[in-house]
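Generate the whole structure from the sequences, applying the supplied hints.
Chains C and V supply the protein sequences, listed in that same order. Under the working numbering, the first sequence has 63 at position 63, and the numbering climbs by one with no breaks. When you read off a place in the second sequence, starting at 1, and then add 295, the result is the number in the working numbering.
Hints were generated in silico from the structure; no laboratory data involved. Warning: the hint list may mix true and false statements.
Stated by the list, open to error - In silico EDC-like pairs for lysine to aspartate or glutamate, Cα to Cα no more than 16 Å straight-line:
no. : chain 1 : residue 1 : chain 2 : residue 2
1   : V       : 380       : C       : 193
2   : C       : 172       : V       : 403
3   : C       : 172       : V       : 410
4   : V       : 485       : V       : 334
5   : V       : 485       : V       : 467
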Amino acid sequence: MTELLGIPPQVLFGQVLLGLINGAFYAVLSLGLAVIFGLLNIINFAHGALYMTGAFVAWFLLSYLGLGYWWALLLSPVIVGALGMVLERTLLKRIANLDHLYGLLLTFGLALIIQGLFRNYFGSSGQPYQIPPLLAGGHNLGFMFLPNYRAWVVAASLVVCLGTWFVIERTKLGSYLRAATENPVMVQAFGIDVPRMVTLTYGFGVALAAFAGVLAAPIYQVSPQMGADLIIVVFAVVVIGGMGSILGSIVTGFGLGIVEGLTKVFYPEASSTVIFIVMAIVLLIKPAGLFGRAA
Amino acid sequence: MAAAASPIPSAQRALEVRDLHAWYGESHVLHGMAFDVREGEVVTLLGRNGAGKTTTLKSIMGIVRQRQGEILFGGQNLVSLSSNKIARMGIALCPEERAIFASLNVRENLLLPPEVREGGMRLETIFELFPNLAERLASQGTKLSGGEQQMLAIARILRTGARFLLLDEPTEGLAPVIVQQIGRTIRRLKSEGFTIVLVEQNFRFAATVADRHFIVEHGQVVDMIPNDEIGHRQDTLHEYLGV
Numbered sequence: 001m002t003e004l005l006g007i008p009p010q011v012l013f014g015q016v017l018l019g020l021i022n023g024a025f026y027a028v029l030s031l032g033l034a035v036i037f038g039l040l041n042i043i044n045f046a047h048g049a050l051y052m053t054g055a056f057v058a059w060f061l062l063s064y065l066g067l068g069y070w071w072a073l074l075l076s077p078v079i080v081g082a083l084g085m086v087l088e089r090t091l092l093k094r095i096a097n098l099d100h101l102y103g104l105l106l107t108f109g110l111a112l113i114i115q116g117l118f119r120n121y122f123g124s125s126g127q128p129y130q131i132p133p134l135l136a137g138g139h140n141l142g143f144m145f146l147p148n149y150r151a152w153v154v155a156a157s158l159v160v161c162l163g164t165w166f167v168i169e170r171t172k173l174g175s176y177l178r179a180a181t182e183n184p185v186m187v188q189a190f191g192i193d194v195p196r197m198v199t200l201t202y203g204f205g206v207a208l209a210a211f212a213g214v215l216a217a218p219i220y221q222v223s224p225q226m227g228a229d230l231i232i233v234v235f236a237v238v239v240i241g242g243m244g245s246i247l248g249s250i251v252t253g254f255g256l257g258i259v260e261g262l263t264k265v266f267y268p269e270a271s272s273t274v275i276f277i278v279m280a281i282v283l284l285i286k287p288a289g290l291f292g293r294a295a
Numbered sequence: 296m297a298a299a300a301s302p303i304p305s306a307q308r309a310l311e312v313r314d315l316h317a318w319y320g321e322s323h324v325l326h327g328m329a330f331d332v333r334e335g336e337v338v339t340l341l342g343r344n345g346a347g348k349t350t351t352l353k354s355i356m357g358i359v360r361q362r363q364g365e366i367l368f369g370g371q372n373l374v375s376l377s378s379n380k381i382a383r384m385g386i387a388l389c390p391e392e393r394a395i396f397a398s399l400n401v402r403e404n405l406l407l408p409p410e411v412r413e414g415g416m417r418l419e420t421i422f423e424l425f426p427n428l429a430e431r432l433a434s435q436g437t438k439l440s441g442g443e444q445q446m447l448a449i450a451r452i453l454r455t456g457a458r459f460l461l462l463d464e465p466t467e468g469l470a471p472v473i474v475q476q477i478g479r480t481i482r483r484l485k486s487e488g489f490t491i492v493l494v495e496q497n498f499r500f501a502a503t504v505a506d507r508h509f510i511v512e513h514g515q516v517v518d519m520i521p522n523d524e525i526g527h528r529q530d531t532l533h534e535y536l537g538v
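What follows is the structure, encoded as structure tokens:
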């Protein structure tokens with residue numbers, strides 16, 4: 001087959017696919033962060049740890065209860081979301097009106113505790129998690145080989161991201177969320193229970209992280225460190241997209257995943273730093289991020 | 296203290312505020328506020344800037360949480376309730392800053408508050424009252440003119456079904472023609488049985504819509520002037536308001 005820009009198409013499209021998969025995780029995780037930041041004004045550093053918890057819950061469900069991947073995809077977000085709501089009610093609520101720094105410190109501490117607990121019990125090495133039989137194998141598209149599970153990850157992430165965007169931008173519930181982001185006091189004075197909405201939103205945000213964790217379990221090993229490795233990049237994605245911007249998180253997540261994949265093809269040495277270079281450039285040109293509103 | 300002594304049979308009383316104190320942090324703002332409002336009445340709170348008028352409305356609505364005393368509405372003391380529960384009892388606030396949400400368009404702003412009571416005003420009736428809004432439904436809320444934003448803020452609380460309205464300086468900074476339109480709307484609401492507490496600095500406007508005026512100074516009511524006496528008591532009023 002002819003080469004594209006001097007690169008065999010299998011290599012080029014393979015890296016684009018890998019980039020899309022990474023982008024899918026970036027998008028789902030940064031979407032959760034954006035939802036949480038928008039309403040709670042908290043930079044949730046525990047997000048990576050809760051993503052890892054989601055993957056571990058999938059592993060527990062399989063190892064101890066015999067419940068496979070599809071059950072985990074449903075149950076893990078519910079369980080981790082409930083854990084998130086407990087964290088919000090017992091800890092985050094107390095710092096709701098304080099400076100961002102307090103939220104950042106508290107959630108960073110929580111992340112260290114959660115990761116430490118898992119590392120204490122499971123060590124640093126990962127636990128294996130099998131691809132579900134329904135999604136095993138792949139298809140040869142001619143220009144590249146497409147593993148079914150990886151295609152599923154991209155499709156499922158897209159559906160979840162677009163579904164979340166639709167709910168927030170096009171429904172009554174979403175208008176409550178957007179309005180409460182601007183002026184929670186007034187929204188509450190209209191008869192809406194804003195504290196409950198905040199708790200449910202945090203629960204939903206971390207449920208998204210757990211969902212991403214279950215998606216990741218068969219691709220990466222289920223390890224206590226998996227969230228910490230990803231979260232810094234995800235924060236860069238959130239900053240580039242615009243803090244609190246839903247659409248920004250989705251577009252930037254997938255977009256930067258592809259940029260990262262292409263960098264691996266054309267200049268591999270820069271592949272781990274390209275996102276941060278993009279972040280620096282965007283912050284210089286548009287400090288509020290690509291889709292963010294200037295304060 | 297004419298206001299505190301105003302004898303209204305409890306059956307006719309929509310709201311009674313007794314010895315209300317409120318604080319912003321360490322700052323003591325209301326010092327024993329007391330007044331009452333009859334069913335279907337329009338009353339104003341008149342006073343200079345910083346007298347405590349807006350704080351009174353926010354305390355009734357539960358937005359100012361540091362408060363003591365009694366705010367009796369529908370047989371319940373509102374002082375211990377959060378603002379969402381107070382709203383669900385049928386009280387609605389139209390704040391001075393209007394609180395139009397920039398991320399919502401006019402339609403979304405209008406439809407945002409849930410209908411807390413049956414009988415919320417239908418959109419057709421709202422557009423009859425404020426025709427400008429019907430033409431701007433897809434516009435971003437904060438792109439409207441000041442007058443249109445005020446109409447939207449009032450329209451929004453009419454949709455809730457609340458029959459007890461707190462209007463904080465609805466005419467502030469508006470063109471005379473819009474002030475007249477707001478005045479017509481308040482009179483229409485009164486004729487339909489709404490009870491309204493209006494905070495105003497423009498007493499000439501207040502005199503065109505209200506039944507009674509409570510004068511607020513230093514966080515308490517210091518006088519009550521029935522609207523039919525306002526003509527005879529202009530000098531007193533000027534002294535209170537410093538105009």
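Each hint, compared with the structure:
1. Distance check on the hinted pair: residue 380 of chain V and residue 193 of chain C sit about 8 Å apart at the alpha-carbon level, within 16 Å; holds.
2. Using a Cα cut-off of 16 Å, the hinted pair residue 172 of chain C and residue 403 of chain V holds, with the two alpha carbons roughly 8 Å apart.
3. Distance hint between residue 172 of chain C and residue 410 of chain V is fulfilled; the C-alpha atoms sit about 13 Å from each other, no more than 16 Å.
4. A C-alpha spacing of about 10 Å is found between residue 485 of chain V and residue 334 of chain V, which places the hinted pair at or below 16 Å, so the restraint holds.
5. Of the pairs offered as hints, the one joining residue 485 of chain V and residue 467 of chain V is violated, with about 20 Å between alpha carbons and a cut-off of 16 Å exceeded.
In summary, the structure is inconsistent with hint 5 from the numbered list given earlier, while agreeing with all the others.
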